[in-house]
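Protein chains in written order, with this note's numbering: chain A, 1 to 114; chain B, 1 to 114.
No lab work stands behind these hints, which were simulated from the structure alone.
These numbers come from a predicted model, not from an experiment.
Don't take each hint at face value.
[To be verified] Computed spacing ranges between beta-carbons, pair by pair:
id : chain 1 : residue 1 : chain 2 : residue 2 : range
1  : A       : Gln80     : B       : Asp31     : 34 to 40 Å
2  : A       : Thr13     : B       : Glu15     : 37 to 43 Å
3  : A       : Gly3      : B       : Asp81     : 24 to 30 Å
4  : B       : Gln14     : A       : Asn18     : 48 to 54 Å
5  : A       : Glu56     : B       : Ala106    : 18 to 24 Å
6  : B       : Asp31     : A       : Gly16     : 40 to 46 Å
[As the list claims (entries may be wrong)] Straight-line C-alpha distance at most 25 Å; calculated DMTMM-like pairs for lysine to aspartate or glutamate:
id : chain 1 : residue 1 : chain 2 : residue 2
7  : B       : Lys55     : B       : Asp31
8  : A       : Lys57     : B       : Asp101
9  : B       : Lys70     : A       : Asp101
[Stated by the list, open to error] If we take Cβ atoms under 8 Å as the criterion, some of the chain A residues that face chain B in the derived model are:
id : residue
10 : Tyr33
11 : Gln41
12 : Gly42
13 : Pro43
14 : Phe45
15 : Ala98
16 : Pro100
17 : Thr102
18 : Phe105
19 : Gly108
20 : Thr112
Here a beta-carbon is modelled for each residue, glycine too, at the ideal position from N, C-alpha and C.
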Amino acid sequence: DTGVSQDPRHKITKRGQNVTFRCDPISEHNRLYWYRQTLGQGPEFLTYFQNEAQLEKSRLLSDRFSAERPKGSFSTLEIQRTEQGDSAMYLCASSLGAGPDTQYFGPGTRLTVL
Amino acid sequence: AQTVTQSQPEMSVQEAETVTLSCTYDTSESDYYLFWYKQPPSRQMILVIRQEAYKQQNATENRFSVNFQKAAKSFSLKISDSQLGDAAMYFCAYRSDNNNDMRFGAGTRLTVKP
Chain A
1 DTGVSQDPRH
11 KITKRGQNVT
21 FRCDPISEHN
31 RLYWYRQTLG
41 QGPEFLTYFQ
51 NEAQLEKSRL
61 LSDRFSAERP
71 KGSFSTLEIQ
81 RTEQGDSAMY
91 LCASSLGAGP
101 DTQYFGPGTR
111 LTVL
Chain B
1 AQTVTQSQPE
11 MSVQEAETVT
21 LSCTYDTSES
31 DYYLFWYKQP
41 PSRQMILVIR
51 QEAYKQQNAT
61 ENRFSVNFQK
71 AAKSFSLKIS
81 DSQLGDAAMY
91 FCAYRSDNNN
101 DMRFGAGTRL
111 TVKP
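Generate the whole structure from the sequences, applying the supplied hints.
Right under this line is the structure:
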């Protein structure tokens, strides 16, 4: 069973460094989502791709954040000049893009900015 | 803007008993989807059950059922015959039929006592 995978699972970095996370969606899913989850809270939507096109971006996604999905398969989320407030779990989800369009989540990447 | 409220930060239930988790949401739209997700400690989020707003019949998945009250904008989750493996954070989520920005509540931490 190949679900959504994310790499790395954990990342510790120093403030000001750049970090990049990768998400591999379920193979037949054409939609891919990024969320951020802080401790004790529900996930917050960051951005969404339909194939390779980035169609929605939350205002939470500051200029330091950029996401790509170059060939409509895997996606990367880069955070430049990390700040301590960026410490969170970054979740990726994918969906088929039809009907209820249930989103299936990956295990997340936990980022700690020192 | 759509918001999702889970008013119970923590709940506990005795093994084999029944527990109900509350969720209310705010929307002006008529077509949308509601979801309950389960997030076990240090594990990924998985879908428990979903409900299409246009369906009057409450969704059921084995021991999990919902009480969907569209007029009251209420979407509670009932877990019957609770098991130790049900212990987790439970998130209620809303998604409009017009976009893919899924909104989550803050979650309810469920403890199952043996």
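Mind listing which of the numbered hints don't hold for this structure, in increasing order? 15, 20
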